[in-house]
Every structure is written in structure tokens, then in C-alpha cells.
Amino acid sequence: MFPLFLGVTIAGAVRSYHLEPVSNNLDVELMTKVANGDGEAFAELVKRYTRMLYNVAYRYNASSAEDLVQETFLRAFQHAKTFSGRSKVSSWLYRICVNVCLTHQSRAGSPTTDIDDVNEAELLVREDERPEVMAQRGETFRALEDGLRALPSQQRMVFILRELQGLSYGEIADVLGMNEQAARTNLCRAKRRLQTWLDPLLV
Amino acid sequence: MECSEALDLLYESFDAQITPAQQSLLNGHRRTCFACAGTLAKAQRFQDLIHRVPQLSVPRGLESRILEHVLQKNAQSLTRPAKVARPAFSWRAALRPAYALGGVMAAGFAVFFIAHSMLSNNFHRPADETVTASVQGTLQATTPNNQSREVVEGDTPITTGEVLRSEGSQAIVAITPHLALTLQGGAEVQVSRLHFDLAKGTADAIFLKLRHGTLRVNEILHRDASPVHVATSQATFVPTGTTFAVTARFGATDLAVTKGSVAVHMPGRSFSILAGHGAHITPFKVVRVTLPVAHPKVHTK
Numbered sequence: 001m002f003p004l005f006l007g008v009t010i011a012g013a014v015r016s017y018h019l020e021p022v023s024n025n026l027d028v029e030l031m032t033k034v035a036n037g038d039g040e041a042f043a044e045l046v047k048r049y050t051r052m053l054y055n056v057a058y059r060y061n062a063s064s065a066e067d068l069v070q071e072t073f074l075r076a077f078q079h080a081k082t083f084s085g086r087s088k089v090s091s092w093l094y095r096i097c098v099n100v101c102l103t104h105q106s107r108a109g110s111p112t113t114d115i116d117d118v119n120e121a122e123l124l125v126r127e128d129e130r131p132e133v134m135a136q137r138g139e140t141f142r143a144l145e146d147g148l149r150a151l152p153s154q155q156r157m158v159f160i161l162r163e164l165q166g167l168s169y170g171e172i173a174d175v176l177g178m179n180e181q182a183a184r185t186n187l188c189r190a191k192r193r194l195q196t197w198l199d200p201l202l203v
Numbered sequence: 001m002e003c004s005e006a007l008d009l010l011y012e013s014f015d016a017q018i019t020p021a022q023q024s025l026l027n028g029h030r031r032t033c034f035a036c037a038g039t040l041a042k043a044q045r046f047q048d049l050i051h052r053v054p055q056l057s058v059p060r061g062l063e064s065r066i067l068e069h070v071l072q073k074n075a076q077s078l079t080r081p082a083k084v085a086r087p088a089f090s091w092r093a094a095l096r097p098a099y100a101l102g103g104v105m106a107a108g109f110a111v112f113f114i115a116h117s118m119l120s121n122n123f124h125r126p127a128d129e130t131v132t133a134s135v136q137g138t139l140q141a142t143t144p145n146n147q148s149r150e151v152v153e154g155d156t157p158i159t160t161g162e163v164l165r166s167e168g169s170q171a172i173v174a175i176t177p178h179l180a181l182t183l184q185g186g187a188e189v190q191v192s193r194l195h196f197d198l199a200k201g202t203a204d205a206i207f208l209k210l211r212h213g214t215l216r217v218n219e220i221l222h223r224d225a226s227p228v229h230v231a232t233s234q235a236t237f238v239p240t241g242t243t244f245a246v247t248a249r250f251g252a253t254d255l256a257v258t259k260g261s262v263a264v265h266m267p268g269r270s271f272s273i274l275a276g277h278g279a280h281i282t283p284f285k286v287v288r289v290t291l292p293v294a295h296p297k298v299h300t301k
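Heads up: the sequence lines are chains A and B, in that order. So for the first sequence, my numbering puts the first residue at 1; every next one is plus one. So for the second sequence, my numbering puts the first residue at 1; every next one is plus one.
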């Protein structure tokens, strides 16, 4: 099992990834068992795909990543019977995860609040923290993650799936319900914005 | 070819998504257009950065929590409940509290010896309102009667009313054995009051006024009896066993607390900011912020 989760980076070529276990007949068989309420099969599904989904959820919303992954697996279990086997299990799970993330985003509140309006447990992140400040702290990756969270949802998700998870444009189109050209356009826009955001760090 | 088209093509070339003809166009543009050379170079660095983004490992116990969560919600649907894996017994894990205790004791001894040696050698309190501070970096010190002197890497007497300005990228001023101040480049701090109990040899209170720039305060040892007060135009900050940074600029102050807590006093209101949080303070509004959380452990293979 372990080698299936190893990341592989090929210099000068498109990254072939990382966290996505090879989907095969075994996966389809697993899903059939899960659909019949087989707890052992579901535990195996969780074991195989938690890391992949956690990485997507974390990049999308770090503070709620665990909840988002839990909700994804809950929905996957509840709707296992709808899995037709036409797409890969990973794509099907990605699609659920994306929907969970987008739903969560739409429920989220304002990013800043007056100090008198919140208690200690409800403190929220301020969005205007710029990369210059973060660079001083040597937190380049954090600046990238914060820039990522400032992107529109669609662009953010395309960037995560393509650049950080290594999905093909065809898979992204399938997961996000858009055509491949739209995925490419979203990725270019996301990269432009992120590059501008990170400009002070790219020296 | 427009520069913006060149940037898009470059992004697509990273994906191996462009044709040889497009690649040739892009190369031609890169050779001749100086206007976007910097942007394209940064795009390359940006791509390198993306490729270095580490993949995260799953937080400990998450798989078990997922199974428990799904089991709770679907107890009747699951014919055979999934087994939640229990971690195997590990001597390393069992001895972790002992390691932690040892670490705390070692840190305690280290702090004691460092503080003791600093007290006995480097810090003198020859007179009320004057202290000998140890400086790392370059500092411009200006007395109330406008006499300036440059301090480079050494001990210097600091008196009430003096203004310290960091001349380099940063200067560290150990103003007492238990208090280190880091002035980021250009930061200006006025020592508005130093007061020592000469009989006991301890500082009663230290009042600092941050005029502008960023000041990082690190209380190596906290003493309730000798607090440090950092004031800006908007508020006064009193730490309690704390590491925090204050940035003062025109009309606003930013506070970030990384350890302990800081009491914030403003006209008509007082509140505390705990570690991991901060505040953005203007004359009209105070916004509490949560500092970015630490990364989970990453898988580095």
C-alpha cells in the first residue's frame, strides 16, 4: 500500500502524482461492498483516499480540512449506491469533496469582525495580511496558501487539482463539471493572480 | 505577440501544453521583449515554488475519527462495523512524558545559568533611570537634548528619554537579562521611562514608546514585579511571559502574539490577546485576528 502514496516528480515534465491510488477493478469491487454497507470495505476506502482528500481540503480551507474530509466520506458512504463505475473512484471522491468545500465556503461568514462582536472562540483571520509581512517570517508556502484562499472558488479548485494534485484537464473538467478549455483558462487566471500576490517573494 | 499572451503561453509550456510553433513564438518573444523579461522570470520562479509545495500527511487519528463519525451517523446501515485501528504499544510513546519533563528541566537550568551569568557580568545599573544594554546590530541612540551616537555591537548606557533607531536590517537590544527587544530596520523606540529598584537590583518598570516600525518583544523570563509596557499612539501593551511583535504606522498599530498573552490598554477599554492571535488597531476600530496556524507535519519523501 505504501508505495501507492509516494509522490513522484519528473523534472521538466508534467507531474504524475502523488496521492491518488491507482483505481482499478479492486476499487469498483470495494465500492460495491461499501454500497452494501460493508464496514470493512469502507475502512479500506478511507485508508486509501484520506490523504488525497485531506490535501485538497487543507489547501482549500486549512482550518476546516478535517471536517471537510469527514463530511466527504460521510456523503460517499451515504451515496455509494450511486457510483456507476463509469469514472474512477478517485474522481468520484474528488467531485464529492469539491461540492463539500464549495458548500462550506458559501456558508462561511465575513472574514473580519469587530472585536466587540466576537468571543475568543470565534476569532477570524484577517485577509489583508500581505506577503511582504509573511516573507519576513520566512513563510513562503504559507503566503502561497493564503494567496490561494484569496482566489475565487473555481480558480482555487482548478489550481489545487491541477498543480497540487496533478489531475489532467480532462479529469478536472469531469470533477468540476466544466469543459477543458474553461479549466485551462481558470488555471491561467489563478496563476496570474497568485504570481502577482507573491511578487515580493519571487526575487 | 502581446506580453500577456507570452505569460499565458509560458504557463502552458510548464504543462507541456503548447505546440512547437507556439514554443518558437514564445522563445522569440523572450529574446526580444525586455518589458516582460522580469515577469516571465518570476513566472519560472513561481512554477519552481509550486513544485516544492510539500504534500501533507494525514493528521494522527483522522482515519479513525472519520470511521467513528460515519458509524455514528449510519449505525443501522453498516452491517459489519468497521474496526478502528488502535495504535500499537510503543516504548517511544510511553516515554514521551519523561522526555518532555527532562526537556523542561534542562531548559529551566539553561535559563537560570544564562540569566545568572548575564546578571553578574553584563548588566549594570549604576544609577536610577540608566541601564547598560547589550546591543547586536547597529543602533542610533539620541538623547533628549539631541546628542546622537552610533552603537555597533556592544554595551551602551541607555537613559530615560533616549530614542533608539535601528540602522541596519534589525538590531537586538538586551535591555535587561530577561528582556530582548528586536527593532526591525528603521524602527524607532523611545525609552520613555526606566525605573530600577537599586536595593533589589531589579527593574521596577520599563516603558517604551514605539514611534514607528516593528518592534518584537521577547520576555525570556517574565517578572510580574517588573513589567514592560510598550505604547503606540493607539494602545499600550503589557506582556505576561510573552513573545509578541508590534508594528506602529501612521494611524494604525498591529499586534501579533506568538507566546503567552498581552494585555492591551486603550482609552475606555482593556482586553487581552492570547498567543496565536493579534489585533489591528485604528482610532476607529479594533479587529482581532487569528495568526496563521502552524503547518501540520509534512511528508518529505
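A couple of the hints might just be wrong.
Said to hold, decoys possible - Only pairs whose alpha carbons sit at most 30 Å apart, straight line, appear in this in silico DSS-like list of lysine-lysine: (1) B:K73 / B:K42; (2) B:K73 / A:K81; (3) A:K33 / A:K47; (4) B:K209 / B:K285; (5) B:K73 / A:K33; (6) A:K88 / B:K259; (7) B:K285 / B:K259; (8) A:K47 / B:K73; (9) A:K88 / A:K33; (10) A:K33 / A:K81; (11) A:K81 / A:K47; (12) A:K47 / A:K88.
Said to hold, decoys possible - With beta-carbon atoms standing in for the labels, derived distance ranges: (13) A:V203 / B:P59: 19 to 25 Å; (14) A:Q78 / B:T19: 51 to 57 Å; (15) B:F271 / A:E29: 38 to 44 Å.
None of these hints come from the bench; they were simulated from the model. Glycine included, C-beta positions come from ideal geometry on N, C-alpha and C.
Now for the hints, and whether the structure bears them out:
The hinted pair formed by K73 of chain B and K42 of chain B fails the criterion: a straight-line CA distance of about 49 Å is larger than 30 Å. Our distance criterion of 30 Å between C-alpha atoms is met by K73 of chain B and K81 of chain A, whose separation comes to about 17 Å. For the given pair, K33 of chain A sits about 15 Å from K47 of chain A by alpha-carbon distance, which is consistent with the 30 Å threshold. The suggested pairing of K209 of chain B with K285 of chain B holds, with an alpha-carbon distance near 21 Å, which does not exceed 30 Å.
Between K73 of chain B and K33 of chain A the alpha-carbon distance is near 18 Å, which keeps this suggested pair within the 30 Å criterion. Pair hint K88 of chain A plus K259 of chain B does not hold up; C-alpha atoms about 47 Å apart against a cutoff of 30 Å. Between the alpha carbons of K285 of chain B and K259 of chain B the distance comes to roughly 24 Å, so the proposed pair stays at or under 30 Å and holds. Restraint check for K47 of chain A and K73 of chain B: satisfied, since their Cα atoms lie roughly 19 Å apart, inside the 30 Å limit.
With a C-alpha separation of about 16 Å, the suggested pair K88 of chain A and K33 of chain A falls inside the 30 Å cut-off, and the hint holds. Simply put, K33 of chain A and K81 of chain A have alpha-carbon atoms about 10 Å apart, close enough for the 30 Å limit, and the pair holds. For a cut-off of 30 Å, the pair hint linking K81 of chain A to K47 of chain A stands: about 20 Å separates their Cα positions. A hinted pair counts as satisfied when its Cα atoms are at most 30 Å apart, and K47 of chain A with K88 of chain A qualifies at roughly 17 Å.
Judged by the Cβ atoms, the range 19 to 25 Å given for V203 of chain A and P59 of chain B is violated: they are separated by roughly 34 Å. Range check, Q78 of chain A to T19 of chain B: about 45 Å between beta-carbon atoms, so the 51 to 57 Å window is missed. Distance hint for F271 of chain B and E29 of chain A: a CB-CB separation of about 58 Å, inconsistent with the stated range 38 to 44 Å.
This entry does not satisfy hints 1, 6, 13, 14, 15, going by the numbered hints stated previously.
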